[in-house]
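K.L.:
Sequence:
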Amino acid sequence: MAENRSILVVGLGRFGSAVATTLDSMGQDVLAVDKDPLLVNRWSSSIPTVQADMTDVLAIEQLNAADFDTAVVAIGDSVEASVITAGNLLDAGISDIWAKSVSKEHARILQRIGARHIVNAETDAGNRIGHLVSGNYLDYIELEGEYNVVKIHTPTYLIGYTIGDAKVLERYGITVVGIKSPGHEFEYGSSNLVMHRNDELIIMGKQDQIDRFIKG
1 MAENRSILVV GLGRFGSAVA TTLDSMGQDV LAVDKDPLLV NRWSSSIPTV
51 QADMTDVLAI EQLNAADFDT AVVAIGDSVE ASVITAGNLL DAGISDIWAK
101 SVSKEHARIL QRIGARHIVN AETDAGNRIG HLVSGNYLDY IELEGEYNVV
151 KIHTPTYLIG YTIGDAKVLE RYGITVVGIK SPGHEFEYGS SNLVMHRNDE
201 LIIMGKQDQI DRFIKG
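Going by my numbering, the first residue of the sequence shown is number 1, and it counts up by one from there.
Hint data in this document are derived by calculation from the structure and do not stem from the laboratory.
Heads up, some of the hints might be wrong.
[What the hints assert, rightly or not] DSBU-like mimics (lysine-lysine), calculated; alpha carbons at most 30 Å apart, straight line: (1) Lys151 x Lys104; (2) Lys180 x Lys206; (3) Lys215 x Lys151; (4) Lys167 x Lys206; (5) Lys151 x Lys180; (6) Lys167 x Lys151; (7) Lys180 x Lys215; (8) Lys167 x Lys215; (9) Lys180 x Lys167; (10) Lys35 x Lys104; (11) Lys104 x Lys167.
[To be verified] Across the chosen pairs, the derived CB separations fall in these ranges: (12) Arg108 x Thr162: 41 to 49 Å; (13) Asn192 x Asp77: 22 to 30 Å; (14) Ile159 x Tyr188: 43 to 51 Å; (15) Asp36 x Gly160: 46 to 54 Å; (16) Arg5 x Thr162: 29 to 37 Å; (17) Gly93 x Val177: 19 to 27 Å; (18) Thr156 x Ser6: 17 to 25 Å; (19) Ala66 x Arg42: 47 to 55 Å; (20) Ser46 x Gly173: 40 to 48 Å; (21) Asn120 x Ile159: 33 to 41 Å; (22) Gly173 x Leu90: 37 to 45 Å.
From a predicted model like this one, the values you see are computed outputs, not experimental measurements.
C-beta atoms are modelled at their ideal positions from N, C-alpha and C, and glycine is treated no differently.
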């Protein structure tokens with residue numbers, strides 16, 4: 001399981017607020033920043049927020065942005081502000097940058113300056129990206145209703161156990177859909193399938209069940 005990381009989210013529009021609230025609900029150390037005082041005020045009672053213009057290098061320094069492990073640049077109303085902010089955060093020493101793009105040209109510029117993850121806001125929902133940014137998931141699919149499908153590495157406490165011996169369904173309510181081991185074909189989740197270190201598990205369950213399963 002990945003440890004909690006400090007994550008800076010810049011931009012509190014629909015996408016950024018979805019990322020920030022998802023991360024906060026998962027117990028991640030998140031700080032959301034926007035230059036619009038109305039947006040900051042709207043979200044201040046729900047998540048940690050600060051009003052600042054991150055295109056300003058001085059604001060980057062005042063917020064000690066260099067202390068954050070990851071940053072999400074969720075600015076969508078200005079390509080220039082998005083690119084400048086991403087550049088400032090990279091210059092501050094944050095190498096793990098997730099940036100929202102609004103066009104192919106925007107994405108290309110973000111890639112050229114060194115943003116590690118480019119998010120197409122038209123196809124990637126904010127809450128999905130929030131779960132991926134947290135580091136606990138390799139992939140995350142939100143289904144209709146209460147259930148989600150996620151891809152994770154085998155939790156440490158389950159390494160070497162079969163799905164049946166671990167009583168995954170009985171104890172956690174989780175269904176192991178299948179397992180992909182490095183260098184091997186995908187296998188459906190039969191009860192005698194052993195879960196190895198570095199295996200990728202595809203599991204399905206309610207969010208609270210998934211969280212409990214990951215933590216052990």
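K.L.:
Next, verify each hint and record whether it holds.
P.N.:
Quick rundown of the hints versus the structure:
1. This hinted pair checks out: Lys151 and Lys104 have alpha carbons roughly 28 Å apart, not beyond 30 Å.
2. Simply put, Lys180 and Lys206 have alpha-carbon atoms about 22 Å apart, close enough for the 30 Å limit, and the pair holds.
3. Between Lys215 and Lys151 the CA atoms are separated by roughly 15 Å; this keeps the pair inside 30 Å, and the hint holds.
4. Taking the CA atoms of Lys167 and Lys206, the gap is about 17 Å. The hint holds against a cut of 30 Å.
5. For the hint pairing Lys151 with Lys180, the CA-to-CA distance comes to about 10 Å; that is within 30 Å, so the pair holds.
6. Of the pairs offered as hints, the one joining Lys167 and Lys151 holds, with about 19 Å between alpha carbons and a cut-off of 30 Å not exceeded.
7. Between the alpha carbons of Lys180 and Lys215 the distance comes to roughly 21 Å, so the proposed pair stays at or under 30 Å and holds.
8. A hinted pair counts as satisfied when its Cα atoms are at most 30 Å apart, and Lys167 with Lys215 qualifies at roughly 15 Å.
9. A C-alpha spacing of about 19 Å is found between Lys180 and Lys167, which places the hinted pair at or below 30 Å, so the restraint holds.
10. Between the alpha carbons of Lys35 and Lys104 the distance comes to roughly 25 Å, so the proposed pair stays at or under 30 Å and holds.
11. As the CA atoms of Lys104 and Lys167 are separated by approximately 46 Å, the hinted pair breaks the 30 Å bound.
12. Taking 41 to 49 Å as the suggested C-beta distance range, the pair Arg108 and Thr162 conforms, at roughly 47 Å.
13. Evaluation of the 22 to 30 Å hint for Asn192 and Asp77 yields a failure: the beta carbon distance comes to about 54 Å.
14. As the Cβ distance of Ile159 to Tyr188 is approximately 20 Å, the hint placing it in 43 to 51 Å is violated.
15. The supplied range of 46 to 54 Å is met by Asp36 and Gly160, whose beta-carbon atoms lie about 51 Å from each other.
16. In this structure, Arg5 and Thr162 meet the distance hint of 29 to 37 Å, their C-beta atoms being roughly 32 Å apart.
17. Between Gly93 and Val177, the C-beta spacing of about 39 Å breaks the proposed range 19 to 27 Å.
18. In this structure the hint that Thr156 and Ser6 lie 17 to 25 Å apart at CB holds, the actual value being about 23 Å.
19. At roughly 28 Å, the beta-carbon separation of Ala66 and Arg42 lies outside the given 47 to 55 Å, and the hint is violated.
20. Against the hinted window of 40 to 48 Å, the Cβ-Cβ separation of Ser46 and Gly173 comes to about 28 Å, which falls outside the hint.
21. Under the hint 33 to 41 Å, the C-beta atoms of Asn120 and Ile159, about 35 Å apart, fit the expected range.
22. Checked against the given bound of 37 to 45 Å, the beta carbons of Gly173 and Leu90, roughly 42 Å apart, stay inside it.
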